[in-house]
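Construct all of the structure, not just a fragment, from the sequences and the given hints.
In the UniProt record's numbering, the protein residues as written are 1 to 1036.
Source of the hints: derived by calculation from the structure; they are not laboratory data.
The beta-carbon is built from N, C-alpha and C at its ideal position, and this holds for glycine as well.
There's no promise every hint is true.
Said to hold, decoys possible - Once the Cα atoms are required to be at most 25 Å apart in a straight line, the calculated BS3-like pairs of lysine-lysine come out as:
#: 1; residue 1: K350; residue 2: K426
#: 2; residue 1: K740; residue 2: K755
#: 3; residue 1: K92; residue 2: K148
#: 4; residue 1: K92; residue 2: K183
#: 5; residue 1: K971; residue 2: K1020
#: 6; residue 1: K590; residue 2: K426
#: 7; residue 1: K733; residue 2: K755
#: 8; residue 1: K452; residue 2: K420
#: 9; residue 1: K92; residue 2: K44
#: 10; residue 1: K426; residue 2: K267
#: 11; residue 1: K695; residue 2: K971
#: 12; residue 1: K225; residue 2: K260
#: 13; residue 1: K640; residue 2: K409
#: 14; residue 1: K971; residue 2: K92
#: 15; residue 1: K740; residue 2: K672
#: 16; residue 1: K740; residue 2: K794
#: 17; residue 1: K773; residue 2: K756
#: 18; residue 1: K640; residue 2: K630
#: 19; residue 1: K740; residue 2: K705
#: 20; residue 1: K705; residue 2: K695
#: 21; residue 1: K640; residue 2: K590
#: 22; residue 1: K637; residue 2: K590
#: 23; residue 1: K756; residue 2: K695
#: 24; residue 1: K190; residue 2: K148
#: 25; residue 1: K426; residue 2: K637
#: 26; residue 1: K971; residue 2: K1017
As the list claims (entries may be wrong) - What follows is a set of in silico ranges between Cβ atoms, one per label pair, in the way DEER data are often shown:
#: 27; residue 1: T52; residue 2: I154; range: 28 to 36 Å
#: 28; residue 1: H722; residue 2: D860; range: 55 to 63 Å
#: 29; residue 1: N955; residue 2: P325; range: 38 to 46 Å
#: 30; residue 1: E547; residue 2: M848; range: 38 to 46 Å
#: 31; residue 1: M1; residue 2: F830; range: 43 to 51 Å
#: 32; residue 1: S964; residue 2: R913; range: 39 to 47 Å
#: 33; residue 1: D221; residue 2: R913; range: 51 to 59 Å
#: 34; residue 1: G227; residue 2: T967; range: 55 to 63 Å
#: 35; residue 1: D567; residue 2: T967; range: 51 to 59 Å
#: 36; residue 1: N152; residue 2: S95; range: 49 to 57 Å
#: 37; residue 1: G483; residue 2: D567; range: 22 to 30 Å
#: 38; residue 1: P325; residue 2: P236; range: 48 to 56 Å
#: 39; residue 1: R913; residue 2: H722; range: 50 to 58 Å
#: 40; residue 1: T52; residue 2: T967; range: 29 to 37 Å
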Amino acid sequence: MRYLHTTIQNSQKILQCISLDQNEQEGMVLEIFRNYAQVLLIEKINQEVQITRHEMYPFGVEIKHVVPIGSHLAVITNDCHLMMTESTPPFKRVSCDKLYKGNTPTSIPIAHCAASTNGEFLVCCGYVGNAVVASFDSEDKPTIKTIKFPENFIIHSAVATEMPEYFAFLISSIETNQKHIIKIDVNDSKLFEHIEVDNDSRELISVFNNEGYAKQYLFTDHKFKAGVFQGVVEVPIEAPVASYFSNMAGELAYQLTNGKIYVCDPKDFQITPRGELPLISHFCPLPNDLLLCVAEHGDAFVVQVAHTSGLCNNSINFEYFPRTPIPLMPVISNAQFVENDMVVCSGVGKYTNIVTISNTIPHTISQIDYNQQEYFSRNCPTFKQLSKFPNHQLQLFALQEGILVSTPKATVSVTGSFSKALQSQKTIKAGVFNGETVQIHDHGIACLTSGKQWYSDNILVAAEITNDMIVVCEPTGDVSLLGTDLTVVAKTNIPAAKCFCFCDELLAVASDSDKGTAIITIYSKDLTPTDNVLQLTTPVNSMVYIEEQNALFASAFSGNVNKYAFDNLGNIVQSTQTILTTAVPASLLKFHDSVLIIADKVFYFFGDELFAMRLDTEEIIAAASLPNEKSFVILTKNDKLQQIDVENTENDVNRVLFPVSQMPRRVIVDGKRSYIICRSNRGLNTISSIVVIDKEINLGTYPTKTYEMGIEVTSLTVLPGHCIIVCTNNYHKNTWSLTKYDCTNPTCFVEIISKKQFGLQSPQAVTYVPSQKAILYSRAGDQSSLMGVDEDLKSDWKFRIVFNSFSMLTVINNTVWCASSMDRVSAIKFITDSKTQTQKTILATEAMPRQATAIVGLDDNSVAVGDKFGGITILRLSDDFAVDIPWKFATSSTALIQYSEGQKKPIPLDVGRIDRVASFMVGEMVTSLMVSPASKTLYYTTLLGQIGVLIPISNEEEFNSLASVETQTEKACSNFFGLMYPKAIDSGRMGILNCDMIEMLRLLQESDQERIEQGLKIHKEAIMGLICRLKASAKF
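What follows is the structure, encoded as structure tokens:
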């Protein structure tokens, strides 16, 4: 199987912020994340702060430092390259130089980076050894040289001083641990000054004012030292310094790890308190008295400071200033699907939450009241329920006057007030024509305001309305075009014409053929056919034209929804963009500024992406858009009329936060219920609790079972019938236990039985194996083993397997997948011999050890594993192991099985092989892997907040096309987007494509797009359509 990797939520931890071009009204900030950069535009309009995120720029190699140099940016990569880029998007690369010779990307020598105020010099150094100095000419072109440090020193900080060529360093001796500050002339490596400082010194910084004068400050664990080279002033501090920033006046504001903020006046080094903020990792001053604050554990936010130019002013107190949040989820410890929602454990310390993520556009549903009995008896006496009709026989029309429902024999007004001109026959189309509402019924046209009527000589089967024209069609294919006075202005015959759609000054007509195919022909408004003819393999179900996109959308009975874009001359771009394939023919509605798609799922197409809307489509029998609103109405099978109001059409990821007192660690799922293990601290001070979320029971709050201090919940597994097994570690008694609870009532944990073990190390993982009706647990010690007890905790499992110590277990039918943070992934498979009906236990293991952090079974024979370094690997049992045939096994000397009865000596296990199928590097520690019940696709989360998905691609031709586009796009992007420096080594990727890179094709210059299209003989629209429908298949 091949896969497409895409992200739902990119990495959330901001590592660096750089203020770019700015003016008095707005500031532009470059945010550096681990694997991408993003531009943030922050504006202050009428005392309100507006924040807009611009395009994302993925990295080829992780960026360590970004420093403004003159009119450019100096970018230091993780593999020791210095890139000079333009300082405005798309940050075109000017030059690229290697800083160190002979270093590999795995050795990270660049730990500190400092630049002189006017950009004459840039110093880059590691913790030990040499430093690199880049000097810049008037055009910011670098010249690189190396300066040597004594090998017995560790470098802790590097800062610039007033003199451009002088840089100061905080260093310590490896032998004595004594710390010093030295000042060096980087031109000739000459030592200029040497000061011995306290051994608990943490960081040395320089603060410049707008005249170029600088003062150095030293932070220790217990002191703040001002004026390192000008006469030291020491001030005791109650906690270490966490972060700081300065203004153009040279005033320094710093925050302690307890959240308190202080300001230092550079004139007399007077320290004054200035309130408190959540712990901030980065401050970024902006124009117009704005301050961007990147919180260490929570959301970032922008503070409107009274006077950033005068921090020493007595009116400054950061606690009371208005804040504008920038939502982030910087830490994810675990996540799992509970039905169609993702439950996420997020946060650190007191900023901890359980977050429920649903994949839907935010919307509200309200009932539209109407008297069913009155309307049906008065308007439609022969039909008691509209829902008795098949979907394609019912139509819903939402008009200014009210709502109409049309059946094959009648039209019913269910809400509003319509004039007597409304006809009771079947309505084919209704809308606004010549400034008034008209009804096109199967015998003619009724103008509901003026009362004017137009009758056809024959029955009408299809029609379309625009403000100045109406087109109608008879069963014979005779098509008439009517003007504003309802006179026929053009007439023609279009055999088997079925569906019409006005496209600005053109008319799209869909007609069927005898072979079951269809064509869409574009006509001028005088019914003259043009050369634009589109071939479809199945008949058309519906069409809609979106003026804002200048595109025609058409759904076919095959399930395909196609987008046809017009150029400026009214010609259709010949490349068809199939944006979605549905299980049933889709109904298309013009909605807001795009198209709403209703099929087996509901989607809203915005830009080049589909956004999901979670509605029960099995209940919908008809739908219509409300005019000029972000709303639509639906008719359900139980005759309910509902209005759907959409709150936001640009995002379909909804988050609901539930704050908890302890950090949520792990989610365990039991049907519609989830159990979240929460814990703070370790050892005797540990406090553990289990939070229960049940989607079927609305209790207002989440029930929580809290344990005594010193008792740690290490793991939990679910049994049938709302029973759970909880593994706890009692630090007071040095014991651990397995306890079975009946949780039928989620507010009350009823203990059934408890099995205690004394003097043994607590199990690392516990899981339930339904086929064996046993609880398995992995224990480390002198002889690592996999052991177990029956589900009633009364008797030990019939054998134990002596092998590795496993920290993660997952079960798929008869296969137990085991992973470890220090060893290889293994599979234990229980096979029943079809002839003898005896059970055999066999084991398979992969050849390569890995530091696994997450595991999930995909099927009996496949598993996905995430590791500490950000790798996701799909593993599969080798073919002869996977199928139920005699296994060509090899006997292992290290994998043993010990039977509890009848066998005194352990015997060797049969050992097979596990093969790698696919792998991808996301670059951040993977904290969870899960399979969506809705889409059956693989999702993951990382420690720094990224949420992604691996979408299966079964079509080999589609995979190869996307692979070619990715390769060519990456080459073009590395030239056009300066931050995308290509990787120096292969990350070991196999069978997985990067969707984020492919989608960068849209941001390239037109010349690059055309070159890629011509080289690969594939249109951009076709690629974007394929990406669109693949991503739609992964909506949960």
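Against the structure, the hints come out as follows:
The suggested pairing of K350 with K426 is violated, with an alpha-carbon distance near 63 Å, which exceeds 25 Å. Note on K740 and K755: the hinted pairing holds, with a Cα-Cα distance of about 9 Å set against a maximum of 25 Å. At most 25 Å may separate the alpha-carbon atoms for a hinted pair to count; K92 and K148 exceed this at roughly 33 Å. Under the criterion of a C-alpha separation no larger than 25 Å, the hint pairing K92 with K183 is inconsistent with the structure, at around 35 Å.
Only pairs whose Cα atoms come within 25 Å are accepted, and K971 paired with K1020 is accepted, the gap being roughly 16 Å. The suggested pairing of K590 with K426 holds, with an alpha-carbon distance near 22 Å, which does not exceed 25 Å. Between the alpha carbons of K733 and K755 the distance comes to roughly 15 Å, so the proposed pair stays at or under 25 Å and holds. At most 25 Å may separate the alpha-carbon atoms for a hinted pair to count; K452 and K420 meet this at roughly 11 Å.
As the CA atoms of K92 and K44 are separated by approximately 28 Å, the hinted pair breaks the 25 Å bound. Only pairs whose Cα atoms come within 25 Å are accepted, and K426 paired with K267 is rejected, the gap being roughly 86 Å. Restraint check for K695 and K971: not satisfied, since their Cα atoms lie roughly 48 Å apart, outside the 25 Å limit. At most 25 Å may separate the alpha-carbon atoms for a hinted pair to count; K225 and K260 meet this at roughly 17 Å.
Taking the CA atoms of K640 and K409, the gap is near 21 Å; set against the 25 Å cutoff, the hint holds. With a CA separation close to 14 Å, the supplied pair K971 and K92 stays within the 25 Å bound. Our distance criterion of 25 Å between C-alpha atoms is met by K740 and K672, whose separation comes to about 20 Å. Between K740 and K794, the direct Cα distance comes to roughly 11 Å. Compliance with the 25 Å bound is thereby established for this hinted pair.
The hinted pair formed by K773 and K756 meets the criterion: a straight-line CA distance of about 20 Å does not exceed 25 Å. Note on K640 and K630: the hinted pairing holds, with a Cα-Cα distance of about 20 Å set against a maximum of 25 Å. Distance hint between K740 and K705 is fulfilled; the C-alpha atoms sit about 14 Å from each other, no more than 25 Å. For a cut-off of 25 Å, the pair hint linking K705 to K695 stands: about 18 Å separates their Cα positions.
A distance of roughly 22 Å separates the Cα atoms of K640 and K590; the hinted pair therefore holds under the 25 Å criterion. Restraint check for K637 and K590: the C-alpha separation of about 23 Å stays at or below 25 Å, so the hint holds. About 33 Å separates the Cα atoms of K756 and K695, which puts this hinted pair outside 25 Å; it is violated. The suggested pairing of K190 with K148 holds, with an alpha-carbon distance near 10 Å, which does not exceed 25 Å.
Restraint check for K426 and K637: satisfied, since their Cα atoms lie roughly 20 Å apart, inside the 25 Å limit. Taking the CA atoms of K971 and K1017, the gap is near 17 Å; set against the 25 Å cutoff, the hint holds. T52 and I154 have their C-beta atoms about 43 Å apart, which leaves the hinted 28 to 36 Å range violated. Our hint of 55 to 63 Å for H722 and D860 is violated, since their Cβ atoms are close to 26 Å apart.
The beta-carbon spacing between N955 and P325, approximately 43 Å, falls within the hinted interval of 38 to 46 Å. Restraint check, E547 to M848: a C-beta distance of roughly 56 Å breaks the suggested window 38 to 46 Å. At roughly 25 Å, the beta carbons of M1 and F830 sit outside the given window of 43 to 51 Å. Between S964 and R913 the beta carbon distance is about 33 Å. The supplied range of 39 to 47 Å is therefore violated.
For D221 and R913, the Cβ-Cβ distance of about 53 Å falls inside the hinted range of 51 to 59 Å, so the restraint holds. Here the CB-CB span from G227 to T967 is close to 56 Å, well matched to the stated 55 to 63 Å. A hinted range of 51 to 59 Å for the beta carbons of D567 and T967 is inconsistent with their spacing of about 29 Å. For the pair N152 and S95, the supplied restraint of 49 to 57 Å is violated, since their beta-carbon distance comes to about 35 Å.
Evaluation of the 22 to 30 Å hint for G483 and D567 yields a pass: the beta carbon distance comes to about 28 Å. Separated by about 34 Å at the C-beta atoms, P325 and P236 break the suggested range of 48 to 56 Å. At about 39 Å, the beta-carbon gap between R913 and H722 misses the expected band of 50 to 58 Å. Distance hint check for T52 and T967: the Cβ-Cβ separation is about 32 Å, which falls inside the suggested range of 29 to 37 Å.
In terms of the numbered hints stated before, the structure departs from hints 1, 3, 4, 9, 10, 11, 23, 27, 28, 30, 31, 32, 35, 36, 38 and 39, listed from lowest to highest.
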